[in-house]
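Using the sequences provided together with the hints, build the complete structure.
Chains as they are written, first to last, in numbering that gives the first Met the number 0: chain A, 0 to 126; chain B, 0 to 507.
For the record, the hints were derived by calculation from the structure and aren't laboratory data. For clarity, every value in this text was computed on a predicted model and none was experimentally measured. We put the beta carbon where it would ideally sit given N, CA and C, even for glycine. Just to be clear, a hint being listed does not mean it is correct.
Said to hold, decoys possible - Covered by chain B, according to a simulated footprint, are these stretches of chain A (three or more residues, beta-carbon under 8 Å): (1) 27 to 36; (2) 62 to 74.
To be verified - Listed next, the in silico SDA-like pairs over lysine to any residue satisfying Cα-Cα at most 25 Å (straight line): (3) B/Lys153 x B/Pro125; (4) B/Lys292 x B/Leu257; (5) A/Lys63 x B/Glu35; (6) A/Lys63 x B/Arg10; (7) B/Lys223 x B/Lys252; (8) A/Lys63 x A/Thr103; (9) A/Lys63 x B/Asp61; (10) A/Lys63 x B/Ser80; (11) B/Lys215 x B/Asn268; (12) A/Lys63 x B/Pro55; (13) A/Lys63 x B/Lys252; (14) B/Lys336 x B/Met91; (15) A/Lys63 x B/Leu60; (16) B/Lys153 x B/Thr190; (17) A/Lys63 x B/Arg57; (18) A/Lys63 x B/Ser31; (19) A/Lys63 x B/Thr32.
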Amino acid sequence: MLRTENLEEELKHLSESPAVEWGPALARLSGSRELMIQMTEFFLEDGQRLLQQVGSCIANHREKLSAAAHSLRGVCATFEARPVMEVTHLIERQADQLTDEQLTLLWTSLQVEFGRLCDAIADYRRG
Amino acid sequence: MPHALIVDDDRSLRYLITQVLQSAGIETSEASTAEEGLRRISEGGVDLVLLDIQLPRRSGLDVLGEIQGIDRRIPIVIVTSDNDSNTAIEAMQRGAYDYLTKPVDTAQLLSLVENALAARELMSVPVALEAAEIDGSSERVFIGQSPQMLQVFKAIGRVAAQDVPILVLGESGTGKELVAQAIYQHSSRQTNPYLAINCAALPDSLLESELFGHEKGAFTGADKRRIGKFEQCHGGTIFLDEVGDMAHVVQGKVLRLLQEQRFERIGGNETISTNVRVIAATNRPLEEMVEQKTFRADLLFRLNGVTIHLPPLRERVGDIPLLLRHFLAVSKRSMNKPHIEGLSPESLELFQNYPWPGNVRELRSVVQQSVLNSTGPIIIPEFLPQEIRSYAPRGSTAKSELTPSNGAASAQPPSPAPREESGFPNLEDLREFIERKLVEKSTSLSAEVIEKVERYLFARVLQYTNGNQSQAAEILGITRGKVKDRVEAFQISLQRNVRLPDEGASAG
Numbered sequence: 000m001l002r003t004e005n006l007e008e009e010l011k012h013l014s015e016s017p018a019v020e021w022g023p024a025l026a027r028l029s030g031s032r033e034l035m036i037q038m039t040e041f042f043l044e045d046g047q048r049l050l051q052q053v054g055s056c057i058a059n060h061r062e063k064l065s066a067a068a069h070s071l072r073g074v075c076a077t078f079e080a081r082p083v084m085e086v087t088h089l090i091e092r093q094a095d096q097l098t099d100e101q102l103t104l105l106w107t108s109l110q111v112e113f114g115r116l117c118d119a120i121a122d123y124r125r126g
Numbered sequence: 000m001p002h003a004l005i006v007d008d009d010r011s012l013r014y015l016i017t018q019v020l021q022s023a024g025i026e027t028s029e030a031s032t033a034e035e036g037l038r039r040i041s042e043g044g045v046d047l048v049l050l051d052i053q054l055p056r057r058s059g060l061d062v063l064g065e066i067q068g069i070d071r072r073i074p075i076v077i078v079t080s081d082n083d084s085n086t087a088i089e090a091m092q093r094g095a096y097d098y099l100t101k102p103v104d105t106a107q108l109l110s111l112v113e114n115a116l117a118a119r120e121l122m123s124v125p126v127a128l129e130a131a132e133i134d135g136s137s138e139r140v141f142i143g144q145s146p147q148m149l150q151v152f153k154a155i156g157r158v159a160a161q162d163v164p165i166l167v168l169g170e171s172g173t174g175k176e177l178v179a180q181a182i183y184q185h186s187s188r189q190t191n192p193y194l195a196i197n198c199a200a201l202p203d204s205l206l207e208s209e210l211f212g213h214e215k216g217a218f219t220g221a222d223k224r225r226i227g228k229f230e231q232c233h234g235g236t237i238f239l240d241e242v243g244d245m246a247h248v249v250q251g252k253v254l255r256l257l258q259e260q261r262f263e264r265i266g267g268n269e270t271i272s273t274n275v276r277v278i279a280a281t282n283r284p285l286e287e288m289v290e291q292k293t294f295r296a297d298l299l300f301r302l303n304g305v306t307i308h309l310p311p312l313r314e315r316v317g318d319i320p321l322l323l324r325h326f327l328a329v330s331k332r333s334m335n336k337p338h339i340e341g342l343s344p345e346s347l348e349l350f351q352n353y354p355w356p357g358n359v360r361e362l363r364s365v366v367q368q369s370v371l372n373s374t375g376p377i378i379i380p381e382f383l384p385q386e387i388r389s390y391a392p393r394g395s396t397a398k399s400e401l402t403p404s405n406g407a408a409s410a411q412p413p414s415p416a417p418r419e420e421s422g423f424p425n426l427e428d429l430r431e432f433i434e435r436k437l438v439e440k441s442t443s444l445s446a447e448v449i450e451k452v453e454r455y456l457f458a459r460v461l462q463y464t465n466g467n468q469s470q471a472a473e474i475l476g477i478t479r480g481k482v483k484d485r486v487e488a489f490q491i492s493l494q495r496n497v498r499l500p501d502e503g504a505s506a507g
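See below:
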């Protein structure tokens, strides 16, 4: 069982990591910036919806929470977006054991990190 | 153009894979659900499936099984999260071709897909060799239709009923114990005991005790009387494997047993009578050992009531397909892989070209490994062990290196040892040696060449172990007795540096 104080400690460190690691992310696409730009378009189209889906599952459909977190994590993985991936991974893995308090903490953190990711992607697209 | 189906609910991933594969000339289609994917596969024309393991409402593992139900020849590459190794392992156990972790690395994706499509192509060719159907009793049987094996079968038939000692000669892995069992099963002693003992597996003192037994107090640790195999096997048949590794003192006792059918337990005075048929086997040159006085001539004479020579597998390559059929059938059953159909033509060719130094035992082991590695119904070269895949076939590289007109000087020596150290420098020297012997009209060329190679091998390994024969035996995969035997036969000097006297140069 996850302890709330440990979770708080863990989430505090997320903001110290870069929102995106473009180096390894680009290397996985064989250095193709064009392909990366196309992938960011998918993110812009789907990312916000997938985030809202996680929020809606926390509020009303806990049984679907793990799958929703998994989908969001998959979309962010392409950019090596470690902070968002870590929060979504935690939710995905422990969805049925998390308390309301813990879920509130995670949801808040997820929104913050998702915001950082959007900013980083916008910067990247601007070149 | 090959066609890959991508089954994943993440449209960005489907797009990414599509872009990469299409740029490599591979057609693609997409499905966002398992149902859609299965429908597409049923329509036909799919050569490869990239399958997300975590689909909405369905486990990819279940979908994997359903795809296999439609067409087992389609390679399935599982796409899984980077933290889900357990699922990946389970998918491989269920016959997935390979797996790819998310986030996808495009270079890795392409390489994996190309390999999978090559496998698909090979699996689409009709099977060159099908597994046999076997019943439960036929796992340990003699297989062969070659003239050499027919001679062996005839010999077994002739001698089984005669109560004479038999000596079975043959390389390691040729099936000497099977000969012994066959003789026993066809003899009048078949209802009495059959015991086998490996003379090389036990230290000399233990072997003596194992064979003849001992009395209580015969030696330190002999706290009670022990009945030996010869006594235990009264009325039956005893198989002495690796008889050439038997110590001299034990040889003397076995000789007396063969002459008189009587012996005493170690430390005992009572003479015990027994009635045992002895079948002995070895891969060592007993006649040479007699000359070198490491094996008793009178024992060889006694053991050698009838000699049966088992040919090495390389001398009966025509039997390889029969053996393959049999071992495939046995392996697919024991490993619960009933969908295995057989070997592709390319794999069969590799099996037939390989020289099988470990003989039938090695062939059986390679078939087992191949069945284990196989993710589809056809065993293609990719599933064979590396040593089989990388072996240069007869008539290609090896042959051309030895062809007089072919610049053999470029052939590399088989070891980093320089010419003056090894006594067997390179293939050019071997070629010259063979050419000279051909001119001389040699009638024992095979033995001469093998001896030359063996001389080099033993000297080089002993040089490597600084003359330590136990280490050399371990490296060579043979008994220390055999190493000793070869050191003497080749007059390898172990005084300080390993030396081949007739080459006159030191090494080490």
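Quick rundown of the hints versus the structure:
no.: 1; hint: 27 to 36; verdict: holds (count 5)
no.: 2; hint: 62 to 74; verdict: holds (count 6)
no.: 3; hint: B/Lys153 x B/Pro125; verdict: violated (37 Å)
no.: 4; hint: B/Lys292 x B/Leu257; verdict: holds (20 Å)
no.: 5; hint: A/Lys63 x B/Glu35; verdict: holds (22 Å)
no.: 6; hint: A/Lys63 x B/Arg10; verdict: holds (19 Å)
no.: 7; hint: B/Lys223 x B/Lys252; verdict: holds (22 Å)
no.: 8; hint: A/Lys63 x A/Thr103; verdict: holds (17 Å)
no.: 9; hint: A/Lys63 x B/Asp61; verdict: holds (20 Å)
no.: 10; hint: A/Lys63 x B/Ser80; verdict: holds (18 Å)
no.: 11; hint: B/Lys215 x B/Asn268; verdict: holds (12 Å)
no.: 12; hint: A/Lys63 x B/Pro55; verdict: holds (10 Å)
no.: 13; hint: A/Lys63 x B/Lys252; verdict: violated (80 Å)
no.: 14; hint: B/Lys336 x B/Met91; verdict: holds (13 Å)
no.: 15; hint: A/Lys63 x B/Leu60; verdict: holds (20 Å)
no.: 16; hint: B/Lys153 x B/Thr190; verdict: holds (22 Å)
no.: 17; hint: A/Lys63 x B/Arg57; verdict: holds (13 Å)
no.: 18; hint: A/Lys63 x B/Ser31; verdict: holds (18 Å)
no.: 19; hint: A/Lys63 x B/Thr32; verdict: holds (17 Å)
Comparing the model with each numbered hint stated earlier shows that hints 3, 13 do not hold.
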